[in-house]
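S.K.: What follows is the residue order along each chain.
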Amino acid sequence: VLTVGVCAGCTGDDSPSRTVRESRTATSSAPPDDPDTHLIATVVADEQRLVRAYAASTVGRAQIDAALSVLADHHRSRLRILGERAADARPTRPASSPAAALGRLGRLEAGVVERRRRGALAARSGDLARILAAMAAGSAQHVVVLAELADGLRSVERPR
Amino acid sequence: MTPEHRALQGMLAGEHAAVYAYAVIGGRLAPQTALQRQAREAYAAHRDRRDALVALLRATGIEPVAAEPAYDLPTGVDNAEQGRQLARIVEDRCSVLYATAVAAASERSRGFAVDALIDAARRGLTWGAEPVALPGVRRG
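Residue numbers (our numbering), protein chains in the order written: chain A, 316 to 475; chain B, 864 to 1003.
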């Protein structure tokens, strides 16, 4: 009898306790023109864009804004893992059309899924590939959450 | 055996366990319900991935790891919530195995592991899991 899901390969070495950049600096002599260095820079810029997009997408409904704040924190967390901090992005006034704001975020996240997936396939470093694949998976979850929020909004706003 | 083969075998061991767990979940949930249909779909997805992994390993000359006769489930399935809980655990543990495989995989099998990770992250939500920044990656 074997315990379900015994974590073969889950030996504790899967913890990103160091940032991706620190790992690369410590373990390799990656030159500045290393393809992974360019890849990380592209991902950082993309994640910063997402943080700004969330800050610009408050909808003025406490429950939805709280959910969006959690998703934005995920992008900040990704930036920290990449050795960066999120640029200041102050929340703006609530979007005039909450449904449109949620739809726009959903499309942005769907784009992130595809780009991180491609990045994971292109990465030279296995550790970087793993982090980018996890980002793709996380944004795939964001797409689902945003669609659910939009559905909830529609059901609330539907005329009776 | 290479690190890639070890990681793929780890994935396969996880799929064997997932198939077993979903068979139990599907068998214990009320029949003809949306939840049971969801469990059957998850069972089929993990079974298909298991079969694909077996083929992938055999194609590289590696004998795939076999399923255990039985698995010690981390929770009982006496009601729908326990079924959801077990399904969340299954998807979470599989995610860690998939992410590990992504790191160890060659170009040929990396896409397979990436897509499995994305799929498990989405499916976890359908069982009530909370979204996380990096599914499959344990934080230190």
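Simulated from the structure, these hints should not be mistaken for laboratory data.
The beta carbon of each residue, even a glycine, is placed where N, CA and C say it ideally should be.
Check each hint, because a few of them may be wrong.
Unchecked claim - With beta-carbon atoms standing in for the labels, derived distance ranges: (1) Asn942/B to Arg364/A: 41 to 51 angstroms; (2) Asp914/B to Val385/A: 30 to 40 angstroms; (3) Glu993/B to Glu472/A: 22 to 32 angstroms; (4) Glu429/A to Pro866/B: 37 to 47 angstroms; (5) Thr989/B to Val385/A: 16 to 26 angstroms; (6) Thr407/A to Arg921/B: 51 to 61 angstroms.
S.K.: Against this structure, judge whether each hint is valid.
M.R.: The hints, checked one at a time:
1. Asn942/B to Arg364/A: 41 to 51 angstroms: Holds - the Cβ-Cβ distance for Asn942/B and Arg364/A, about 44 angstroms, lies within 41 to 51 angstroms.
2. Asp914/B to Val385/A: 30 to 40 angstroms: holds, 36 angstroms
3. Glu993/B to Glu472/A: 22 to 32 angstroms: holds, 26 angstroms
4. Glu429/A to Pro866/B: 37 to 47 angstroms: violated, 28 angstroms
5. Thr989/B to Val385/A: 16 to 26 angstroms: holds, 18 angstroms
6. Thr407/A to Arg921/B: 51 to 61 angstroms: The hint (51 to 61 angstroms, Cβ to Cβ) holds, given that Thr407/A and Arg921/B are roughly 55 angstroms apart.
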